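Trainee: Sequence:
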Amino acid sequence: MPEISDVQHLPTRSWLLRRRQLLFLARSSGGMRITRNALRQLAVLTPEQLGNPGSSLLCAYVRTEKGLRIAGFSLALNYGKDACIVIVRPLYRGRRLGARLLSAQLKQLHHLTCSVAADNIASLKTCFRAGLVATEMTTGPTGKPTLIFRGELTEDEQTAKEGGMLCQNLS
1 MPEISDVQHL PTRSWLLRRR QLLFLARSSG GMRITRNALR QLAVLTPEQL GNPGSSLLCA
61 YVRTEKGLRI AGFSLALNYG KDACIVIVRP LYRGRRLGAR LLSAQLKQLH HLTCSVAADN
121 IASLKTCFRA GLVATEMTTG PTGKPTLIFR GELTEDEQTA KEGGMLCQNL S
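Residues in the sequence shown are numbered consecutively from 1, following the working numbering.
Because the hints were derived from the structure by calculation, they are not lab data.
Any given hint could turn out to be false.
Claimed, not checked - Simulated DEER-style distance windows between Cβ atoms:
1) Thr64 <-> Glu136: 39 to 49 angstroms
2) Leu16 <-> Asp119: 19 to 29 angstroms
3) Arg13 <-> Arg96: 30 to 40 angstroms
Claimed, not checked - Cross-link-like lysine to aspartate or glutamate pairs, in silico, EDC-like; alpha carbons within 16 angstroms at most:
4) Lys81 <-> Glu136
5) Lys81 <-> Glu152
6) Lys107 <-> Glu152
7) Lys144 <-> Asp119
8) Lys144 <-> Asp6
Since the structure is predicted, the reported quantities are computational estimates derived from the model, not experimental observations.
Note that the Cβ used here is the ideal one computed from N, Cα and C, for glycine as well.
Could you put the whole structure together from the sequences, leaning on the hints where they help?
Mentor: Quick look at the structure:
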């Protein structure tokens with residue numbers, strides 16, 4: 001089972017290497033579905049931007065015989081309004097890893113917006129499985145009909161999840 005962790009506070013050299021890995025993964029596994037703008041945002045992303053409110057980069061790692069490997073990642077900038085990217089390596093698809101990444105983003109940011117082209121069935125399923133709701137339809141940057149998904153974690157849900165975590169950890 002892949003472990004999801006937040007990517008923050010990396011030294012500059014480590015950050016540059018990680019960003020290059022994520023760009024390669026996005027280009028090789030994105031299935032030509034990631035917009036140029038989203039790739040550009042990832043290409044120029046700085047650690048300082050990740051510190052902004054509403055910004056989060058989560059990576060899912062799997063342990064292999066060669067060590068930890070990135071199975072997928074999710075990037076949200078400005079609560080997903082500027083960029084909401086989810087990429088999963090083909091080898092790890094079909095395991096709901098994308099939905100787990102989006103759910104983790106929602107849990108961390110408390111509200112999230114994602115835009116998905118109406119013909120991208122896998123991404124639509126991922127958003128629904130993560131608990132996001134399609135609230136409107138617009139025309140995307142490529143001219144395709146695009147659904148706007150939104151999710152919000154209420155204070156009651158956040159408190160219940162935190163309480164649930166505490167109950168699970170009692171010894």
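Trainee: The structure should be examined with respect to each hint, and the outcome stated for every one.
Mentor: How the hints compare with the structure:
{"no.": "1", "hint": "Thr64 <-> Glu136: 39 to 49 angstroms", "result": "holds, 41 angstroms"}
{"no.": "2", "hint": "Leu16 <-> Asp119: 19 to 29 angstroms", "result": "violated, 35 angstroms"}
{"no.": "3", "hint": "Arg13 <-> Arg96: 30 to 40 angstroms", "result": "holds, 34 angstroms"}
{"no.": "4", "hint": "Lys81 <-> Glu136", "result": "holds, 14 angstroms"}
{"no.": "5", "hint": "Lys81 <-> Glu152", "result": "holds, 14 angstroms"}
{"no.": "6", "hint": "Lys107 <-> Glu152", "result": "holds, 9 angstroms"}
{"no.": "7", "hint": "Lys144 <-> Asp119", "result": "holds, 8 angstroms"}
{"no.": "8", "hint": "Lys144 <-> Asp6", "result": "violated, 32 angstroms"}
The structure is inconsistent with the numbered hints 2 and 8, although it conforms to all the rest.
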